[in-house]
Amino acid sequence: MTLFARRERRSPTANGRGAPRRRTVPRNQRLAPYLFVLPNMLIFAVFIVYPTINNFNISAYDSNNGRTFRYVGGRNYSELVDNAEFWAAARATALFAVCFVVLVTAASIGLAMLLDQRIRGRGLFRAVFFLPVLLSPVVVGLIWGWIFDRNNGLANTVLRGVGLGEPGWLINDKLAMTVVIFVALWTHVGFYTMIILAGLQGIDPTYHEAAMIDGASSWQRFRSVTLPLLRPTTMVVVILSMIAGFQAFDFIWTLTGGGPVGATTLMVQYIYQHAFESPIRYGLASAGSVVLFCTIFGLTALNFLYNHRKAAA
Amino acid sequence: MTAQATRSKTRPAGTWTSTGDRRPPATGKVLTYAVLIALSIVVLAPVVWTVLSSFKTQAELAQRPPTILPDSFGLTNYTEAMQTFRFATYLKNSVVVTVGATVLTLMINTTAAYGLAKYNFRGRNFLFLVTLGTIMIPLQIILIPVYQVASDLHLVNSLWGLIIPPAATPTGVFLLRQYMLGIPDDLIEAARIDGAGEFRIFLRIIVPLCGAPIAVLTIFSVIWRWNDFLWPLIISQSQDKYTLPVALAQFDSQLVVPFNYILAMSVVSMLPVIIIFLVLQRHIVRGIASTGLK
Chain A
3 MTLFARRERR SPTANGRGAP RRRTVPRNQR LAPYLFVLPN MLIFAVFIVY PTINNFNISA
63 YDSNNGRTFR YVGGRNYSEL VDNAEFWAAA RATALFAVCF VVLVTAASIG LAMLLDQRIR
123 GRGLFRAVFF LPVLLSPVVV GLIWGWIFDR NNGLANTVLR GVGLGEPGWL INDKLAMTVV
183 IFVALWTHVG FYTMIILAGL QGIDPTYHEA AMIDGASSWQ RFRSVTLPLL RPTTMVVVIL
243 SMIAGFQAFD FIWTLTGGGP VGATTLMVQY IYQHAFESPI RYGLASAGSV VLFCTIFGLT
303 ALNFLYNHRK AAA
Chain B
10 MTAQATRSKT RPAGTWTSTG DRRPPATGKV LTYAVLIALS IVVLAPVVWT VLSSFKTQAE
70 LAQRPPTILP DSFGLTNYTE AMQTFRFATY LKNSVVVTVG ATVLTLMINT TAAYGLAKYN
130 FRGRNFLFLV TLGTIMIPLQ IILIPVYQVA SDLHLVNSLW GLIIPPAATP TGVFLLRQYM
190 LGIPDDLIEA ARIDGAGEFR IFLRIIVPLC GAPIAVLTIF SVIWRWNDFL WPLIISQSQD
250 KYTLPVALAQ FDSQLVVPFN YILAMSVVSM LPVIIIFLVL QRHIVRGIAS TGLK
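Here the protein sequences come in this chain order: A and B.
Under the working numbering, the residues of the first sequence are numbered 3 to 315, in order.
Under the working numbering, the residues of the second sequence are numbered 10 to 303, in order.
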């Protein structure tokens, strides 16, 4: 399948002998494609393309109440730079995203390697690991928040039972971030494992056979055959998980609420709070989302370039 | 994915034919099972624990140490949450939004995909590029300007506001368009010669051939819309417009609804997607394998 079909100068109905397309294609066939794409493209334009452009515009205005807008140029950005809360959210987002991408990529490769063997109940295991992907993130956060509750949660009940104390999971800021990362892994690892599994099955077994004939151990085969051939798939997982990591919001909302004292407040929550909780600061929040947008866009581009060079080398 | 499934079906369990899948040493295999079973417990335990606890009374939930099984499997938590705390309304809203948005998604995504896949027209490649580009722009990043558009169009605090804006999924257009490229043009030409109109060709020939990608998109759309949170959170401003996830999040944080009811409604929110998954599991796995989309 080609991504970009070259636009053909002649329509398939014209027999290719140079009759101009407009004359041979009936009017209804010339009009039809526009009508077919119209509803979808209209929604794209109104709810995605225009807002994306307008976001830059809004970030140059200040609205202390959400109703009136006053042009302030780059002042929202300079306010962001001076805002400790913004830096805390940016740092937390970076920490979360890095940990999430690294751990989820490693875990899904590991899990996919286990599931790629000929074992009994493989389909069942796959379904089990996929289950959290289906659940509402709100519910996931809610359940884990309850399990990690200090006094009456399942986690501490078990720990108390084996005499390991009762850590304040969601009260200590480092532990809370650990829990957030863990829950993100729990939710998403099954999804990325599916992608890796599909990639593993695309690897020609003859490479492994050749390596085995040369006496390579299973670890050597993993390092020198599986990982390099899996690179395009791994790149997809890294990019998707990175985008997901920078957008994390909903499960954290019900898990920690961004606390304790903002320790798990990530960028999207920061943007949400400045835009929809009083005092309403659309401009400032928009400036934050422009920063987030550029970060994701830049990192995705870097990822492509890096892998492109690796693949070419 | 499918090839794998059929391969394992035709081959008796426990035989290792391909040298690529040489029988692992016994200890390695035991370790594999141990790790997989341990991880399965980590995945399943919270869900099972939630389902069991959703039948408990408030007093049972507060008990220390907690009991594993509830005293009875009566449905009082479910019925009371529905009646006393109006969860029936939120459930209804969620169903209306999920069904409405999915139907709309299927209609506009299939037509758009067909237009992009099977016609030559000015601006086609540009529109396809826009489609690809919008995949990379999630709502979270353009929250404020989208909200303003919705507000200008009077979509705030209405279920239409939850149905229309997310319905044009770029992933759906992409998925269907790639599939439709594989449908031979001759089929369409033959229908034209027989005098079929353009829309009739689409409806009678193209749509029936696209069963697989339409199934995949249906599943994805249901999961997306049913579990959506951030967009409904800013659009549903009065309680009677809440969807299930919004109601759960708001009432849990404000502690207005007893936790046993929250748990029961959490289980209600899990059920439809789990049922759909079990019924259409094969399509989901194939869809992810072929597109890498979420």
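Because the hints were derived from the structure by calculation, they are not lab data.
Fair warning: this is a prediction, and the values are worked out from it, not measured in the lab.
Check before you lean on any hint, since a few could be wrong.
In silico SDA-like cross-links for lysine to any residue, where the CA-CA straight-line distance does not exceed 25 Å [to be verified]:
#1 B:K38 x A:K176
#2 B:K38 x A:I282
#3 B:K38 x A:I215
#4 B:K250 x A:Q222
#5 B:K38 x A:G125
#6 B:K250 x A:T159
#7 B:K38 x A:W221
#8 B:K38 x A:M214
#9 B:K38 x A:G204
#10 B:K38 x A:Q275
#11 A:K176 x A:R162
#12 B:K38 x A:G123
#13 B:K38 x A:W188
**Request:** Starting from K38 of chain B, check that the Cα of I215 of chain A is at most 25 Å away, please.
**Result:** This hinted pair holds, its Cα atoms lying about 22 Å apart.
**Prompt:** Taking only the CA atoms, is the gap from K38 of chain B to K176 of chain A under or equal to 25 Å?
**Reply:** violated (36 Å)
**Asked** Within a Cα-Cα threshold of 25 Å, do K250 of chain B and Q222 of chain A meet the stated pairing?
**Response** violated (57 Å)
**Prompt:** Is K38 of chain B close enough to I282 of chain A, meaning Cα to Cα at most 25 Å?
**Reply:** violated (58 Å)
**Prompt:** When you check the alpha-carbon spacing of K38 of chain B and W221 of chain A, does it fall within 25 Å?
**Reply:** holds (15 Å)
**K38 of chain B paired with G204 of chain A [C-alpha distance capped at 25 Å]** = Holds, at about 23 Å.
**Prompt:** Under the criterion that the straight-line Cα-Cα distance not exceed 25 Å, is the pair K38 of chain B, W188 of chain A satisfied?
**Reply:** holds (24 Å)
**Hint consistency between K250 of chain B and T159 of chain A [alpha-carbon to alpha-carbon, up to 25 Å]** = Not satisfied, since the Cα-Cα distance of roughly 38 Å exceeds 25 Å.
**Asked** Taking only the CA atoms, is the gap from K38 of chain B to G123 of chain A under or equal to 25 Å?
**Response** Given that 25 Å is the threshold and the Cα spacing comes to 13 Å, the pair holds.
**Message:** For K38 of chain B and Q275 of chain A, compute the direct alpha-carbon distance and say whether it is at most 25 Å.
**Reply:** Distance of about 50 Å is beyond 25 Å: violated.
**Asked** Taking only the CA atoms, is the gap from K38 of chain B to M214 of chain A under or equal to 25 Å?
**Response** OK: K38 of chain B and M214 of chain A at ~19 Å, within 25 Å.
**Proposed proximity, G125 of chain A with K38 of chain B (alpha carbon, max 25 Å)** = Status holds; Cα separation ~17 Å.
Going through the hint list in order, the structure does not satisfy hints 1, 2, 4, 6 and 10.
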